[in-house]
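For chain A, the structure is supplied; the task is to place chain B on it using the hints.
Okay, here's what each chain looks like letter by letter:
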Amino acid sequence: MNISSIVFKRFSRNRLSLVALAVVAAIIFVALFASVIAPINPTIIDVHNVLSPPSMAHPFGTDELGRDVLSRMIWGSRVSLKVGFVAVGLAIFMGTLIGSTAGFYGGKVDALLMRFVDIMLAFPTFFLILAVISVLEPSIYTIMVVIGFTGWMDVARLVRAEFLTLKERDFVVAARASGAGNLRMIFRHILPNALSPVFIAATFGVAGAILTESGLSFLGLGVQPPNPSWGNILTSGKDYIEVAWWLSLFPGLAILTTVLGYNLVGEGLRDALDPRLWETERR
Amino acid sequence: MLPYIGKRLVMMIPLIFGITLITFSVVHLAPGGPVEVQTEMQLKASAQARENLRKLYGLDKPLHVQYLEWLKRFVKLDFGKSFVDGREVMKKIIERLPVTLTINILSLFLILITALPIGVLSATKRYSLFDKLSTIFVFVGFSTPTFWLALLLMILLGVNMGILPISGIQSIDVSEMGPLARLWDWSKHLILPVGISAFVGIAGLSRYSRSSMLEVIRQDYIRTARAKGLRESEVIFRHALRNALMPIVTILGLSVPGLIGGGVIFETIFAIPGMGQLFYSSAMSRDYPTIMGILVIGAILTLIGNLLADISYAVVDPRIRRENR
Chain A
1 MNISSIVFKR FSRNRLSLVA LAVVAAIIFV ALFASVIAPI NPTIIDVHNV LSPPSMAHPF
61 GTDELGRDVL SRMIWGSRVS LKVGFVAVGL AIFMGTLIGS TAGFYGGKVD ALLMRFVDIM
121 LAFPTFFLIL AVISVLEPSI YTIMVVIGFT GWMDVARLVR AEFLTLKERD FVVAARASGA
181 GNLRMIFRHI LPNALSPVFI AATFGVAGAI LTESGLSFLG LGVQPPNPSW GNILTSGKDY
241 IEVAWWLSLF PGLAILTTVL GYNLVGEGLR DALDPRLWET ERR
Chain B
284 MLPYIGKRLV MMIPLIFGIT LITFSVVHLA PGGPVEVQTE MQLKASAQAR ENLRKLYGLD
344 KPLHVQYLEW LKRFVKLDFG KSFVDGREVM KKIIERLPVT LTINILSLFL ILITALPIGV
404 LSATKRYSLF DKLSTIFVFV GFSTPTFWLA LLLMILLGVN MGILPISGIQ SIDVSEMGPL
464 ARLWDWSKHL ILPVGISAFV GIAGLSRYSR SSMLEVIRQD YIRTARAKGL RESEVIFRHA
524 LRNALMPIVT ILGLSVPGLI GGGVIFETIF AIPGMGQLFY SSAMSRDYPT IMGILVIGAI
584 LTLIGNLLAD ISYAVVDPRI RRENR
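Keeping their order, the protein sequence lines are chains A and B. If you read the first sequence in the numbering used here, its first letter stands for residue 1, the second for the next number, and so on. If you read the second sequence in the numbering used here, its first letter stands for residue 284, the second for the next number, and so on.
30 angstroms max Cα-Cα, derived DSSO-like pairs, lysine-lysine:
1. Lys-9/A - Lys-82/A
2. Lys-338/B - Lys-374/B
3. Lys-338/B - Lys-359/B
4. Lys-374/B - Lys-344/B
5. Lys-415/B - Lys-9/A
6. Lys-355/B - Lys-338/B
7. Lys-108/A - Lys-167/A
8. Lys-374/B - Lys-355/B
9. Lys-408/B - Lys-9/A
10. Lys-374/B - Lys-364/B
11. Lys-238/A - Lys-471/B
12. Lys-238/A - Lys-82/A
13. Lys-108/A - Lys-290/B
14. Lys-108/A - Lys-355/B
Reference listing, derived: stretches of chain B covered by chain A, where coverage requires no fewer than 3 residues with Cβ under 8 angstroms from a Cβ of chain A:
15. 531-545
16. 548-557
17. 562-570
It should be emphasised that the hints constitute simulated quantities derived from the structure, not laboratory data. Cβ atoms here follow ideal geometry from the backbone N, Cα and C, with glycine treated the same way.
So here's chain A without its partners, still in its complex pose:
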């Protein structure tokens, strides 16, 4: 049995994580096929049905322009998916690059890069994100990049810690002795063995990025209307807080479910990938 099927077997032993994985898969499916699934065009304005409560025609009601909230949420799931994956991809790339450089070369390079990490961690992340968005134009692309560039520090620390222990291990020393160059050592021997904490961090990272995106869009600094996102539907929810509870309730539930899904998958992965737990089982 290969390693990935062992991991999956261990992962699926936890019912809750398995359910969470199904939920996450379903939401990704909805996002990919939004154009087919959404019952109504999400940007069609209907002046006769402004702020109408949930009904058969509009299960989640309509917003202040009479647009169908369910359809807007289905299209909004694309935003969460895109921002989550692109931002985390960027963060993983930067974190792995900086963490492996620091861990592999050590010494002054390590000290310098880790001070950089400390400095970045000192900023309240939301302040830093807001400052960058204020000088750029707010858009979905801006927030992808900004969330990525402010979210790599934990990954860098994880990867560095893995490198520090791995580079002393016998198989790495043996590779060095047989004449492997630095790049070969990093990419062929050390990095593949350092990836499991990165996977786990990435899963939690997607959850965090979706939360941040929704917060930014809520403040009007993320996805710009008329494009729908879960966060900017909630902005209308706040504006019409006294008359239209459905504008607040449903998009928030969507965010909660999605983020909870990724967090539980991350937790399941952590248990499945933790070698310490493997050993206790063998005993």
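For chain B alone, kept in the frame of chain A given last:
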């Protein structure tokens, strides 16, 4: 103890320098300046007028000169004047700081008194119903968008039931109230903001104290304490709890940037005149001096939070002091 604190303070200096460098780069390396924002509404503003504005703000000088001048003033705690209303940035921040600090300190306190008992109880009664329920609470807490929770509670408690006010920190007629009524009014306004800013922290810290406690309970000295016949409550509270609390101090320090940054969203929602709201409005109007001032002060507050956490860690754990001497 003093040499340890002194050493930590010296270590902060390069970090603060780095913080100023990143703050300056973030604000200045991107396209689009305050002059463009001020003039984009007025098509008639001539090139000459723009040039004059740039000179007024010192934006015509080379970047490194601008940075050095800013740094020189920063050392004297002078962040210059706001682009928006021409007032001293430092004064604007100091006005806003008390509200933000009050809310953060209250919510840290709330986090401590709720999360610790939850964590300790679920560790000592592992796999019990309480443990399972609190684990669910932790995951839901981590995954809840706080601004959404704020909206729901505003609808429920403010709009539908009318129990709590939903914006600001005082009522309009506050000047006519006696001191007690004023305190009551103030508390009612703070319940939702403090509760909501503590919410995520409670989830995080109770999870953390649970695993910290589980870690300690497995140790030999706990087995020894049990073996010599101590009552379970004595084992937990005298022997286990103290050791489990130590790493939690660090986590509290690390939660400072999250609390300060989170202020942006809920201060905006609840219309609380704190640092987060000031930062949001400065970011919207590209008020560079204020943005830079708040970024630097926010980061320095974080460093101070970490420092306090490390010092209290060293106070409770003599091993740390000796290692770092």
